[in-house]
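First to last, the sequence lines map onto chains A and B.
Numbered per the numbering used here, the first sequence spans residues 1 to 397.
Numbered per the numbering used here, the second sequence spans residues 1 to 397.
No lab work stands behind these hints, which were simulated from the structure alone.
Just so you know, these numbers come straight off a predicted model, no measurement behind them.
The reader is advised that the hints may include incorrect statements.
[What the hints assert, rightly or not] Which bits of chain A does chain B cover? Going by a derived footprint, with three or more residues having C-beta under 8 Å, they are:
no., region
1, 89-95
2, 185-191
[Claimed, not checked] In silico DSBU-like links for lysine-lysine, alpha-carbon gap of 35 Å or less:
no., chain 1, residue 1, chain 2, residue 2
3, B, K170, B, K377
4, A, K377, B, K222
5, B, K222, A, K222
6, B, K377, A, K222
[Claimed, not checked] Residues from chain A that keep clear of chain B, each with C-beta distances beyond 10 Å, as calculated:
no., residue
7, P28
8, A48
9, G128
10, A129
11, R253
12, E295
13, R311
We treat Cβ as the ideally placed atom computed from N, Cα and C, and that holds for glycine.
There are 2 protein chains.
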Amino acid sequence: MPLDTGRFLADLDTARRIGTYRTGVHRPTFSAEDMESRRWLAGRMAEAGLEATIDGIGNVFGRHPGPGPHLLAGSHIETQNHAGWLDGVLGVIGALELARAGLPVDVCAYADEEAHWGDFIGSRSLIGAFSDADIDAARNRHTGEPLRPKLEEVGLAGRPRITIDPTRYKGALEMHIEQGTQLENAGLRIGVVTGIVGIRQFRIIVTGQQDHTGGTTMRERKDAGLTAVRLLGMIDQEFPRVCAERSVWTTGRVALEPNAPMIIPGRAELVFSFRDLSSEVMDRMEDCLRRVVQESNRRERCPAVIEEIGRSEAALSDPAILAAFEGAAEALCPGAWQAMPSGAIHDSQILARVLPVGMLFVPSIGGISHHWAEDTKREDLVLGMAVLAEAARRLLA
Amino acid sequence: MPLDTGRFLADLDTARRIGTYRTGVHRPTFSAEDMESRRWLAGRMAEAGLEATIDGIGNVFGRHPGPGPHLLAGSHIETQNHAGWLDGVLGVIGALELARAGLPVDVCAYADEEAHWGDFIGSRSLIGAFSDADIDAARNRHTGEPLRPKLEEVGLAGRPRITIDPTRYKGALEMHIEQGTQLENAGLRIGVVTGIVGIRQFRIIVTGQQDHTGGTTMRERKDAGLTAVRLLGMIDQEFPRVCAERSVWTTGRVALEPNAPMIIPGRAELVFSFRDLSSEVMDRMEDCLRRVVQESNRRERCPAVIEEIGRSEAALSDPAILAAFEGAAEALCPGAWQAMPSGAIHDSQILARVLPVGMLFVPSIGGISHHWAEDTKREDLVLGMAVLAEAARRLLA
Numbered sequence: 001m002p003l004d005t006g007r008f009l010a011d012l013d014t015a016r017r018i019g020t021y022r023t024g025v026h027r028p029t030f031s032a033e034d035m036e037s038r039r040w041l042a043g044r045m046a047e048a049g050l051e052a053t054i055d056g057i058g059n060v061f062g063r064h065p066g067p068g069p070h071l072l073a074g075s076h077i078e079t080q081n082h083a084g085w086l087d088g089v090l091g092v093i094g095a096l097e098l099a100r101a102g103l104p105v106d107v108c109a110y111a112d113e114e115a116h117w118g119d120f121i122g123s124r125s126l127i128g129a130f131s132d133a134d135i136d137a138a139r140n141r142h143t144g145e146p147l148r149p150k151l152e153e154v155g156l157a158g159r160p161r162i163t164i165d166p167t168r169y170k171g172a173l174e175m176h177i178e179q180g181t182q183l184e185n186a187g188l189r190i191g192v193v194t195g196i197v198g199i200r201q202f203r204i205i206v207t208g209q210q211d212h213t214g215g216t217t218m219r220e221r222k223d224a225g226l227t228a229v230r231l232l233g234m235i236d237q238e239f240p241r242v243c244a245e246r247s248v249w250t251t252g253r254v255a256l257e258p259n260a261p262m263i264i265p266g267r268a269e270l271v272f273s274f275r276d277l278s279s280e281v282m283d284r285m286e287d288c289l290r291r292v293v294q295e296s297n298r299r300e301r302c303p304a305v306i307e308e309i310g311r312s313e314a315a316l317s318d319p320a321i322l323a324a325f326e327g328a329a330e331a332l333c334p335g336a337w338q339a340m341p342s343g344a345i346h347d348s349q350i351l352a353r354v355l356p357v358g359m360l361f362v363p364s365i366g367g368i369s370h371h372w373a374e375d376t377k378r379e380d381l382v383l384g385m386a387v388l389a390e391a392a393r394r395l396l397a
Numbered sequence: 001m002p003l004d005t006g007r008f009l010a011d012l013d014t015a016r017r018i019g020t021y022r023t024g025v026h027r028p029t030f031s032a033e034d035m036e037s038r039r040w041l042a043g044r045m046a047e048a049g050l051e052a053t054i055d056g057i058g059n060v061f062g063r064h065p066g067p068g069p070h071l072l073a074g075s076h077i078e079t080q081n082h083a084g085w086l087d088g089v090l091g092v093i094g095a096l097e098l099a100r101a102g103l104p105v106d107v108c109a110y111a112d113e114e115a116h117w118g119d120f121i122g123s124r125s126l127i128g129a130f131s132d133a134d135i136d137a138a139r140n141r142h143t144g145e146p147l148r149p150k151l152e153e154v155g156l157a158g159r160p161r162i163t164i165d166p167t168r169y170k171g172a173l174e175m176h177i178e179q180g181t182q183l184e185n186a187g188l189r190i191g192v193v194t195g196i197v198g199i200r201q202f203r204i205i206v207t208g209q210q211d212h213t214g215g216t217t218m219r220e221r222k223d224a225g226l227t228a229v230r231l232l233g234m235i236d237q238e239f240p241r242v243c244a245e246r247s248v249w250t251t252g253r254v255a256l257e258p259n260a261p262m263i264i265p266g267r268a269e270l271v272f273s274f275r276d277l278s279s280e281v282m283d284r285m286e287d288c289l290r291r292v293v294q295e296s297n298r299r300e301r302c303p304a305v306i307e308e309i310g311r312s313e314a315a316l317s318d319p320a321i322l323a324a325f326e327g328a329a330e331a332l333c334p335g336a337w338q339a340m341p342s343g344a345i346h347d348s349q350i351l352a353r354v355l356p357v358g359m360l361f362v363p364s365i366g367g368i369s370h371h372w373a374e375d376t377k378r379e380d381l382v383l384g385m386a387v388l389a390e391a392a393r394r395l396l397a
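From just these sequences and the hints, can you work out the full model?
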């Protein structure tokens, strides 16, 4: 059973017709279109000879019936709203093609990686880290609708949830679009993912005093916005001293109150986050951030308090899987690939808690993702499929 | 006819009962309560022997029937929403008391200083600087309701609008609450206003590129929020080099787009303003601001553009009026007064285009204004009234 990249592309094209939106798709988790795509996928798995199930959280699982050692491969099939045709489904159809090419691979579409209803509810359920109480607590991020009745509505209530036995697998593979421009800008066609970066996210609240801009002298003011600007300026100065080559840090949100032209801001809320592959580097960055806040509180009239609001650990790729991807990439596109971290989060990061993992990136045209204009050249899709298959063969050999 | 500060306080207490809100009042311009207060005021003016009129824009004007030389005195009678009991009406009742004390004073409550319907529509109308076309264009700032039908609704349509003859007056006086804490903090009871500061207001727009915080390296980013922080940091560094002792500058508004924690800001909008009494100082500050923007555009990847969105010239107090206030203050509360600029804007700034003007401040408890908790000690109100009257007598002597 040879690899059939034509069949792989044809399945991607078919999936694109379920929930089409312009040149992309709109398949939010548990929408009618999403459920249609899950049923279609289960059918394609069965045709490929896999034992196909849609489980009680929406994971579509195709179990390989033959002897091991096995690999687990997959990604997600739902999309962000009005988003791209490849984000997620590429890794699912790629995994399916591995099984169709005769490799002992279990295929999974992990439910809701795109976080319409929670954080990685599908992959967490699959490793036994999402309880019934978690289901009861989960709500739609946009509408607040509870998850439990939604599972009932889409016909998933009462179905067992699949959990994997890690000893069954040599590891888990995921192919995905890059969602950035590093490959494109470097003229490369394949990214071998060294790991998924960790993220630490903080809220910083600066408290000043709201006053009229005319009646209050500079000496009297407690301008929370100005303190926030100075604090962010210190971060801008200090973070380059402690970061690593690929670290990133971002102030995504600045909210002044009352944010009115003629009123001195009485309160400033900042949301600041940083990412790196190394916990040691992230510890240095966090230490730097806390020292900046401490120094701000020494210098300024407006006190700043810092609170951690999000933390995910980095997930490093397994060395053997990394070596298999690198060997396959160098064999199939010599000099046209690079090793790189994934700045975005993926199900592999959850699977890494129980399995060796590895990921492969294909370029995103213009770096666009989470938008219907997302695309990848067809020859890059085909190359990604070939590298994935070659790496799987090397791992199983 | 001696000055009667008891009558003055009693009138303030009466006005406080029209539109009472907690310990303050709610009399937005042309509300039922506002119109009631205007009719009440016109009645009190007539009782004082003034020729009282409510004109076609809502100005309540009491013309002194006797021979000159005359003074014009007044302030405003409407309030901000749910605001204080003295902001405005203090200067109106103070002016009325001057006339009742036998001084040749025309009294005016200039309509809508609190800008519910426009910028100084009453005082601008009074000096002939508010046209019928301006009335047609004016709308309520909060609701968008047009002014013209509102004037009809409250019974002002078709009434003539009064314009003053500047040659009738030696000058215009206004007593007002400080709306700040400078007098209170210095333990002083009277502020003699050297002038009303000018204001220049600018919008600065920084354009970057919205991207995922994970997938975009620091080298690739165009972070409009970061450029804005650096630009504001430069202002913070450079403005102290060009400002004067009482200059103030403020970034009241910062709006990032999309202002989402995990997205690099693609656009930042800042509203920045500064105030000073001296045009020369304000020219230096504006030049500094424009150089900061130019330097930002030299250093940064995200271009910044600057646009002037507001400009009012400073209005200096007339030297003779200033001397009269200073002499009266030193006579009545030696050592317990200071000369100071007004950081807030007032009708006197409009009148200054055609008349010599001067203002007197009494302390605001805790600096509170534009809030129902606004207050001033009764002995400070009485002292303010006495200084105002003594200064008027000196000017007319």
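Here is what the structure says about each hint:
Check on the region 89-95 of chain A: 0 of its residues sit with their Cβ under 8 Å from a Cβ of chain B, so the three-residue criterion for coverage is violated. Coverage of the region 185-191 of chain A by chain B is violated [criterion: at least 3 residues with CB-CB distance below 8 Å; count 1]. With a C-alpha separation of about 31 Å, the suggested pairing of K170 (chain B) with K377 (chain B) holds against the 35 Å cut-off. Under the criterion of a C-alpha separation no larger than 35 Å, the hint pairing K377 (chain A) with K222 (chain B) is consistent with the structure, at around 26 Å.
Among the hinted pairs, K222 (chain B) with K222 (chain A) is consistent with the structure: their alpha-carbon atoms are about 31 Å apart, no more than 35 Å. Using a Cα cut-off of 35 Å, the hinted pair K377 (chain B) and K222 (chain A) holds, with the two alpha carbons roughly 26 Å apart. For P28 (chain A), the condition that its CB be more than 10 Å from all CB atoms of chain B holds, with the nearest at approximately 18 Å. Every C-beta of chain B lies more than 10 Å from that of A48 (chain A), the closest at about 32 Å, which supports listing it as non-interface.
Consistency note on G128 (chain A): stated as away from chain B, and its beta-carbon is indeed over 10 Å from all of that chain's, at 27 Å minimum. No beta-carbon of chain B is positioned within 10 Å of the beta-carbon of A129 (chain A); the least distance is around 22 Å. The claim that R253 (chain A) lies off the interface is violated: its Cβ sits roughly 5 Å from the closest Cβ of chain B, which falls inside the 10 Å cut-off. With a least beta-carbon separation of about 15 Å from chain B, E295 (chain A) lies farther than 10 Å from that chain, consistent with its non-interface assignment.
The Cβ of R311 (chain A) lies farther than 10 Å from every Cβ of chain B, with a closest approach of about 13 Å, so its non-interface assignment holds.
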